[in-house]
Amino acid sequence: MLNNKTILITGGTGSFGNAFTEYVLEHYDPKKIIIYSRDEYKQFIMSNRLKKYSSKLRFFIGDVRDKERLYRAFDGVDYVVHAAALKQVPACEYNPMEAVKTNIDGAMNIVDAALDCGVKRVVALSTDKAVNPINLYGGTKLVSDKLFIAANAYAGSKDVCFSIVRYGNVAGSRGSVIPFFRNIVSNGGTELPITDYRMTRFWISLEEGVQLVIKALSEAKGGETFISKIPSFKITDLAQAILPGCKMPKVGIREGEKLHEVMVTREDSMNTYEYEKHFIVYPHMDWWNESKIQPGGKKIEQGFEYSSGTNTEWLSVEDITERLKLVTEH
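Residue numbers (the numbering used here): 2 to 331.
Hints in this document: simulated from the structure, not taken from any laboratory. Do not rely on the hints blindly, as some may be mistaken.
Straight-line distance between alpha carbons at most 27 Å, and here's what the computed BS3-like set of lysine-lysine pairs gives [claimed, not checked]: (1) Lys147 <-> Lys159; (2) Lys293 <-> Lys159; (3) Lys326 <-> Lys248; (4) Lys293 <-> Lys230; (5) Lys121 <-> Lys102; (6) Lys216 <-> Lys159; (7) Lys57 <-> Lys68; (8) Lys102 <-> Lys68; (9) Lys326 <-> Lys43; (10) Lys222 <-> Lys68; (11) Lys147 <-> Lys293; (12) Lys32 <-> Lys216.
Let the hints inform the model, and build the full structure from the sequences given.
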């Protein structure tokens, strides 16, 4: 369904944008992929790396804060994947208005441009931090999610739908724990600091994140939140997989950090269906009706919570060791 389509990715030079672009070019025959981002140097690096696909790639310098530029970039676009955001929790706490301008005002600009420019589908990337948020980044992403879900009510007779995919930190992504631990080891460190020995996280690879977005582009009717079913791991087990036998001094939980990642809340359970490899949280709005529910799913029990701390699938130290062989920092 991506063949002969024009696809635009906001924040397209990031780790997701690079992986998504390469995956689509290798598995489909799109008409064009537009990389929309602020950093001309990253665009230069990306264009060189994907030079063999140059006839299919276009690079737009632009910011999601700039509505006029978005309108220009969205001209003739079929699908939009919204990956642009200010993501670093401490940076958002210290620069709250900048986070609001990018993550909330930028989301509003995406919605307006998509509605007015004839875009057919928009998929926005969410985060576990938008679930019961305790920091500003999570708060802005919660608002962003609500904006994209509500945008379906403003589509009217236009052939456009907005949906969301949600996952936590991708394994090996910038600023996450794997490159942090690896950097300590490469510099000769013999101890790996643990914020809390009880801490757990979900494990998702970049390719799994890309495939979830493609599923949303293929199946969404408007307003759904797609969540992959993925294994959990303990942070202490990750440390032992990276540096077996190391000491793990406890350093205390950081501001805005959670013990566990939650993807589906107990409150959302009333509108969530479970499928073989994913969950879908359906909107609870008067413009939504049950005829739009994807077949093959089962409504989950009320009160269910999809948390990395209570997950049914876990990675052992040996499992993590094997998966780490495939993880490169990005």
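How the hints compare with the structure:
Only pairs whose Cα atoms come within 27 Å are accepted, and lysine 147 paired with lysine 159 is accepted, the gap being roughly 20 Å. The suggested pairing of lysine 293 with lysine 159 holds, with an alpha-carbon distance near 17 Å, which does not exceed 27 Å. The hinted pair formed by lysine 326 and lysine 248 meets the criterion: a straight-line CA distance of about 22 Å does not exceed 27 Å. Taken as a hint, the lysine 293 and lysine 230 pair is honoured in the structure, with Cα atoms around 21 Å apart against an allowance of 27 Å.
Proximity of lysine 121 to lysine 102 is assessed by CA-CA distance (about 25 Å); at most 27 Å being required, the pair is judged to hold. With a C-alpha separation of about 22 Å, the suggested pair lysine 216 and lysine 159 falls inside the 27 Å cut-off, and the hint holds. In summary, the hint linking lysine 57 to lysine 68 is supported, as the alpha carbons are separated by about 25 Å, within the 27 Å threshold. For the hint pairing lysine 102 with lysine 68, the CA-to-CA distance comes to about 12 Å; that is within 27 Å, so the pair holds.
Taking the CA atoms of lysine 326 and lysine 43, the gap is near 26 Å; set against the 27 Å cutoff, the hint holds. For the suggested pair lysine 222 and lysine 68, the alpha carbons sit about 26 Å apart, so the restraint of at most 27 Å is met. Restraint check for lysine 147 and lysine 293: the C-alpha separation of about 19 Å stays at or below 27 Å, so the hint holds. Of the supplied pair hints, the one linking lysine 32 and lysine 216 holds, its CA atoms being roughly 19 Å apart against a limit of 27 Å.
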